[in-house]
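Novice: So you can see what is in the structure, the chains are spelled out below.
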Amino acid sequence: MGCWNPKVELMPKNELQNLQLKSLKALVYRLYNFSPFYRQRMEAKGVVPDDIVKLDDVTKLPFMTKKDLRDGYPDKIFMASKREIVRYHASSGTTGKPTIVGYTRNDIETWTESLARSLTSIGLGSDDVIQVSNTYGLFTGGLGFHYAAEKIGAAVVPASTGNTERQIQLIQDLGVTAMAATPSYLMYLGEIADKNHISIKNDTSLRVGLLGAEPWSDRMRDRMHDWLGVKGINCYGASELAGPLWSECSEQQGIHFWGDIALLEIIDPKTEEPLGPGERGEMVITMLTKEAFPLIRYRIGDITSMEWEKCSCGRTHPRISRITGRVDDMIIVRGINVFPSQVEFALLCNPEVGNEFQITVERKGAMDDMMVKVELKPEAFTDNIIQLNALRERIENRLKTLLNVSATVELVEPGTLPRFEGKAKRVVDRREY
Amino acid sequence: MLDREKYHIKQLSIFSENRPGRLMDIAGSMKEAKVNILGFTIAEGSGYGVVRMLVDQPEKAHQMLTKEGHVVKFTDVLAVKMEDKPGGLYDLTLMLRDAGINIEYAYGYRNSPAAVLILRVEDIDRATDTILASGRELYDVSHFK
Numbered sequence: 006m007g008c009w010n011p012k013v014e015l016m017p018k019n020e021l022q023n024l025q026l027k028s029l030k031a032l033v034y035r036l037y038n039f040s041p042f043y044r045q046r047m048e049a050k051g052v053v054p055d056d057i058v059k060l061d062d063v064t065k066l067p068f069m070t071k072k073d074l075r076d077g078y079p080d081k082i083f084m085a086s087k088r089e090i091v092r093y094h095a096s097s098g099t100t101g102k103p104t105i106v107g108y109t110r111n112d113i114e115t116w117t118e119s120l121a122r123s124l125t126s127i128g129l130g131s132d133d134v135i136q137v138s139n140t141y142g143l144f145t146g147g148l149g150f151h152y153a154a155e156k157i158g159a160a161v162v163p164a165s166t167g168n169t170e171r172q173i174q175l176i177q178d179l180g181v182t183a184m185a186a187t188p189s190y191l192m193y194l195g196e197i198a199d200k201n202h203i204s205i206k207n208d209t210s211l212r213v214g215l216l217g218a219e220p221w222s223d224r225m226r227d228r229m230h231d232w233l234g235v236k237g238i239n240c241y242g243a244s245e246l247a248g249p250l251w252s253e254c255s256e257q258q259g260i261h262f263w264g265d266i267a268l269l270e271i272i273d274p275k276t277e278e279p280l281g282p283g284e285r286g287e288m289v290i291t292m293l294t295k296e297a298f299p300l301i302r303y304r305i306g307d308i309t310s311m312e313w314e315k316c317s318c319g320r321t322h323p324r325i326s327r328i329t330g331r332v333d334d335m336i337i338v339r340g341i342n343v344f345p346s347q348v349e350f351a352l353l354c355n356p357e358v359g360n361e362f363q364i365t366v367e368r369k370g371a372m373d374d375m376m377v378k379v380e381l382k383p384e385a386f387t388d389n390i391i392q393l394n395a396l397r398e399r400i401e402n403r404l405k406t407l408l409n410v411s412a413t414v415e416l417v418e419p420g421t422l423p424r425f426e427g428k429a430k431r432v433v434d435r436r437e438y
Numbered sequence: 004m005l006d007r008e009k010y011h012i013k014q015l016s017i018f019s020e021n022r023p024g025r026l027m028d029i030a031g032s033m034k035e036a037k038v039n040i041l042g043f044t045i046a047e048g049s050g051y052g053v054v055r056m057l058v059d060q061p062e063k064a065h066q067m068l069t070k071e072g073h074v075v076k077f078t079d080v081l082a083v084k085m086e087d088k089p090g091g092l093y094d095l096t097l098m099l100r101d102a103g104i105n106i107e108y109a110y111g112y113r114n115s116p117a118a119v120l121i122l123r124v125e126d127i128d129r130a131t132d133t134i135l136a137s138g139r140e141l142y143d144v145s146h147f148k
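Protein chains in written order, with the working numbering: chain A, 6 to 438; chain B, 4 to 148.
Rather than coming from a laboratory, the hints here were simulated on the basis of the structure.
Just so it is clear, the structure is predicted and the values come from calculations on it, not from any experiment.
Take the hints with a grain of salt, since some may be wrong.
[Said to hold, decoys possible] No more than 25 Å apart at the CA atoms, straight line, and that leaves these computed lysine-lysine pairs for DSS-like:
1) B:K63 <-> B:K37
2) B:K34 <-> A:K50
3) B:K76 <-> A:K382
4) A:K156 <-> A:K12
5) B:K76 <-> A:K378
6) A:K315 <-> A:K236
7) B:K76 <-> B:K34
8) A:K200 <-> B:K63
9) A:K50 <-> A:K275
10) A:K50 <-> A:K81
11) B:K148 <-> A:K200
12) A:K382 <-> B:K63
13) B:K70 <-> A:K378
14) A:K236 <-> A:K275
15) A:K72 <-> A:K430
16) B:K84 <-> A:K200
17) B:K37 <-> A:K382
[Claimed, not checked] Simulated restraints on C-beta separations:
18) A:E278 <-> B:T69: 54 to 60 Å
19) A:I341 <-> B:A30: 42 to 48 Å
20) B:R22 <-> A:T294: 50 to 56 Å
21) A:G77 <-> B:A30: 56 to 62 Å
22) B:D143 <-> A:Q174: 47 to 53 Å
23) A:E401 <-> B:E35: 34 to 40 Å
24) B:D87 <-> A:G420: 42 to 48 Å
25) A:I341 <-> B:D94: 54 to 60 Å
Even glycine gets a Cβ: it sits at the ideal position worked out from N, Cα and C.
One chain only, chain B, in its complex shape (with noise of 0.2 Å):
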């Protein structure tokens, strides 16, 4: 059977202020922590925003962030691994609409030779399926230790 588990990455999404300064907290939390942050993006709300990243020690970075008072959650996220090539997005999307997968937010980062992309899904299990089932690869939360 296959353990989908090990594909679930456990990304950090803080809730922030829009106001200045609150990024640099967080960032100097992970400083602080000695965590190294690995792929990372901002959601925009209204007055306020998400802040979503990958470290290599999440559960240290979560520790730290909720003992200097920020409101952390863990998001499961699948990390695919991506040909460093034109067209690549699109040939994963594509087979994702096909399987009638919806994504609810995505961002990617370079990491040579290949690319990664994060995808937060409904459904992960099903994504996790499809996309090993397409042949492609996912990077397991070893990965990102």
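Isolated chain A (complex conformation) (with noise of 0.2 Å):
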């Protein structure tokens, strides 16, 4: 499979590795003399540019989180002028005011450049059809996708979200290879699609699918290869961080974290440590070229592993495995982390239940109360209510296994649950703190 910055892409790992220093060093040399907000934070951390020598030495540099960005609203961190900036994305504000996100030239060429070579990686080209069915606008998936799907020379059909009887017709008449979308919304759309008796793997030529912006689960991902024909690729990013940057290859092995770009570590969420190849923990990230809103040590609240060894495919970059969970998204339950992916990988070993799910957490006397609703297939309905019984209880075994807490599963008729455009809302919790 070709490159799309081959330079780059295959640099052996100290060369990358030098590389980042270097960006680090210029970073914080400019962070420190020509921001007042970037100043003030790390004299706080008593650290100066002279500290960072080595790579290792990030550490010594204050983190950010989600609050620095809200306080700073709309653009006091920004070291761009107006006369630099070309865009401003804003990403969705479900707590309190949203984060502005401005980009110069160079800003807008780096992302675009990061998400053509994942494209590319994934063997997506010039001769294919690339349907973004994310939302055009303010939220970056939209144009992110957009851009480096152009960028790369394939043809997009910016279909935005919405109106998915006519997503569907666009993608076979179009002749659609890849789509940009949440799993949940591609899951959603082939349901339509089944209804209005179209077939995906059948009827359309649409083979991958380019899924982020929520946590799913590798079984969710086999469901989806099995009924729809697609093959999904988890990719990553944030609007903090620009937008979508990243993506597996078609390896599928991890998401290739470009080492140029940014610099990943990942910690204990709780001790701040960093934590070793493979273990699971916090992304911190810092954005190493960033021009209009740079980031340092930013704690994005997604959980994950990292890896850094060469990719059968040949590039060098770190990977990153599957997000897990936001440290938000997760929920505790009786005192036991709960991520909804794995409640949906322990749901969908059984076939006899949808895609859909919700989790109710409920306080029941001093005990937290866990529910979880799931639609029964109208082809596993049987009118015999012990083997019903028995599903229920078959499933609950299994998430009790899996999450070391017990929950109740309570089986919903078909089409009853919420679906969800954008991202997936599956937890209502319903506990008082």
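Need the complex rebuilt from these two chains, each delivered in its own frame; the hints are there to steer you.
Specialist: Next comes the structure, spelled out in structure tokens:
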């Protein structure tokens, strides 16, 4: 499989690390000398640019959190003037104010280059028709994929979200080969297609799903492949970082996290100590080349692990495993950490139930009570109550084994759980703290 | 050769969440389709139930319920004509026990002058033969039209 930028993508690890150190030094020098915000943060931590002599010294730098970004609203932390800024995006403001992100022309270039490498690594190119079914607008998922897909010479169908019947029509009529969307939206689209007697697998050319923005499981990916004939590619990014930036390559051995663009650490969220290869923890990201809105040691809240071994595709950059949850998506039930993606995995082991689910957590007396609603597939329905109860118990046992915490399972009628076109909201937490 | 098929009564089984208004929805669909409900029972699972009913136009009812988004299935049951007097059920169940026939579920309704017992069994053909051989009467499909 060809590379978009072979010189960088295949660069030996030590050269890449040298490049990272050079970029980090330049970044810290710039922030310390030209940004009151970053200077004040560094002084509070007692660190000066000369303290950065090796790559590990990144841990001497202060963390940044979403709160810093919110406090900086709209552009207090920006380091570019309005003359230099060519675009704004904003993150979905689920809590309080949104975060505004500004981009210089170089920032847009870097973003597009990063995702162009990723799309190429999946095997996409000028023969492909890529339907972008992420929201266009302030959300970065639409325009991000749009520009990268154009850059590699693919034909772009800027479908954005909504009107699923028309989306299916476009997939059919334009010979769409890849689609950028959330995993739950692609599954929903599959359902609508089935309802209209269109098989995504047999009646369309759609083969690749560029999927992200919400945690999902390998099990769902397998099911998507069996059912829709679509290979689900994990993508990663966030508006604070630029937008969607990274994805798996066609080997699907983790997401290639371009090291010349970002420096990645994985830490224990409680002790803030660095974790080793393969150890699961909180991601901390330093964007090495951002101009308008630099980020150092940004705690994005996603949980994953990192490997830095050469991929079988030949690329040398660090790879992260599937995002298993967000620090803030994680629920703690009776003291045990539960990720919706784990629940999804346990549920999808049962062919009798559908793809949608909802977790409700309540407090009964002093105890947390977790209930999982899942849809019974019509073909799995039986008149035999004993069999239905046995199915329910089987799912409960599987959840218990996987989560180490028991949950009540409720079978509900198909089509009754909420569907999401954007990020799925799987958890209803009714506990009062 | 005995035509057993005609004794296989098409009962509707409907998966239903246990929440207010769900039975009303089903009844409403039947009303709209002008389908008459002859016999009826609800089996309670946990958080859900299975509504079982005998109707005069099973195909039409099935179509309507499916269209309304319900999960519906046909289940073959037997309809035994019962003498409406004390001991009738005992005699029948004694006979079935002796034949080793297990009843999955049953429900009855009175249909003067006789009563009807709806039976769901594992081996419907053997049950059909056993009941008919004992001299009892089974209602056939035409009885419910």
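Novice: Would you mind marking each hint as holding or not holding in the structure?
Specialist: Structure-based check of each hint:
For the given pair, K63 of chain B sits about 9 Å from K37 of chain B by alpha-carbon distance, which is consistent with the 25 Å threshold. Simply put, K34 of chain B and K50 of chain A have alpha-carbon atoms about 74 Å apart, too far for the 25 Å limit, and the pair is violated. At most 25 Å may separate the alpha-carbon atoms for a hinted pair to count; K76 of chain B and K382 of chain A meet this at roughly 12 Å. For a cut-off of 25 Å, the pair hint linking K156 of chain A to K12 of chain A stands: about 18 Å separates their Cα positions.
Only pairs whose Cα atoms come within 25 Å are accepted, and K76 of chain B paired with K378 of chain A is accepted, the gap being roughly 22 Å. For the hint pairing K315 of chain A with K236 of chain A, the CA-to-CA distance comes to about 23 Å; that is within 25 Å, so the pair holds. Of the supplied pair hints, the one linking K76 of chain B and K34 of chain B holds, its CA atoms being roughly 19 Å apart against a limit of 25 Å. Of the pairs offered as hints, the one joining K200 of chain A and K63 of chain B holds, with about 21 Å between alpha carbons and a cut-off of 25 Å not exceeded.
Taking the CA atoms of K50 of chain A and K275 of chain A, the gap is about 19 Å. The hint holds against a cut of 25 Å. Taken as a hint, the K50 of chain A and K81 of chain A pair is honoured in the structure, with Cα atoms around 21 Å apart against an allowance of 25 Å. A C-alpha spacing of about 32 Å is found between K148 of chain B and K200 of chain A, which places the hinted pair above 25 Å, so the restraint is violated. For the suggested pair K382 of chain A and K63 of chain B, the alpha carbons sit about 22 Å apart, so the restraint of at most 25 Å is met.
Pair hint K70 of chain B plus K378 of chain A holds up; C-alpha atoms about 23 Å apart against a cutoff of 25 Å. Taking the CA atoms of K236 of chain A and K275 of chain A, the gap is near 36 Å; set against the 25 Å cutoff, the hint is violated. Only pairs whose Cα atoms come within 25 Å are accepted, and K72 of chain A paired with K430 of chain A is accepted, the gap being roughly 22 Å. Only pairs whose Cα atoms come within 25 Å are accepted, and K84 of chain B paired with K200 of chain A is rejected, the gap being roughly 43 Å.
The straight-line distance between the Cα atoms of K37 of chain B and K382 of chain A is roughly 28 Å, outside the 25 Å bound, and the hint therefore fails. Between E278 of chain A and T69 of chain B the beta carbon distance is about 58 Å. The supplied range of 54 to 60 Å therefore holds. The beta-carbon spacing between I341 of chain A and A30 of chain B, approximately 44 Å, falls within the hinted interval of 42 to 48 Å. About 55 Å separates the C-beta atoms of R22 of chain B and T294 of chain A, a value consistent with the hinted range of 50 to 56 Å.
Roughly 59 Å separates the CB atoms of G77 of chain A and A30 of chain B, a value that falls within the hinted 56 to 62 Å. In this structure the supplied range 47 to 53 Å holds for D143 of chain B paired with Q174 of chain A, their Cβ-Cβ distance being about 49 Å. Here the CB-CB span from E401 of chain A to E35 of chain B is close to 37 Å, well matched to the stated 34 to 40 Å. Range check, D87 of chain B to G420 of chain A: about 43 Å between beta-carbon atoms, so the 42 to 48 Å window is met.
Look at I341 of chain A against D94 of chain B: about 57 Å separates their beta carbons, and that is inside 54 to 60 Å.
Of the hints listed earlier, those the structure fails to meet are numbers 2, 11, 14, 16, 17, in rising order.
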